[in-house]
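With positions in the sequence shown counted from 1, the corresponding number in our numbering is that position plus 144.
Just so you know, not all the hints are guaranteed correct.
Unchecked claim - The calculated label-pair distances, taken between Cβ atoms and stated as ranges, are: (1) Ser240 x Leu213: 42 to 48 angstroms; (2) Ala174 x Ala273: 32 to 38 angstroms; (3) Val283 x Leu213: 18 to 24 angstroms; (4) Leu267 x Thr221: 36 to 42 angstroms.
No wet-lab data here; the hints were simulated from the structure. Beta carbons are placed, not taken as given, at the ideal position from N, Cα and C, and that holds for glycine.
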Amino acid sequence: PDMHGLDPRGLLLALGASLGAATQFFAASALAGTPLAARLFWSHLLILPVTAMILAVTGGFLPPTAFALAPIAAAVTIGGYLLGFLLQVIALTRISPGAAGLAFCAEPVCAVLIAAVVLGERLGPFQYAGCALVVAALVINVTLEQMRRPLASA
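All chains should be modelled from the sequences, with the hints used to inform the complete structure.
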């Protein structure tokens, strides 16, 4: 990929996602004392209009019978979302926004590598270099953070 092949809509969506993720990290840190049920309720209340807008643009809600076409896939998708979101909400109140940002940097690398292995996607040299750059940045950051911490006295 090059700069000429980038869709401005995709860039705007990526910018919005980045701002949303950063907001989520700082909000979660500030809401550490809020009960889990309240955090889940209010976050989904914010997610609902976005979901409704996406569904309106892509063809609307499907009837519940649509899940019967692929019940296992539907259960894995919905269950995976619920479990992942629950664990994310719990974790974000226990770590700093900076640590959360670092953890989120690893997600696209994992997604790309899993797609390459499981789906047989072909990666080019730039994709491999990008993955290596992200992993190197994570390793350097974690190493520097460990060096800054004082050693526990024996």
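Verification of the hints:
In this structure, Ser240 and Leu213 meet the distance hint of 42 to 48 angstroms, their C-beta atoms being roughly 43 angstroms apart. The hinted window of 32 to 38 angstroms between Ala174 and Ala273 holds, with their beta carbons roughly 37 angstroms apart. The beta-carbon spacing between Val283 and Leu213, approximately 44 angstroms, falls outside the hinted interval of 18 to 24 angstroms. Checked against the hint of 36 to 42 angstroms, the pair Leu267 and Thr221 fails, with Cβ atoms roughly 25 angstroms apart.
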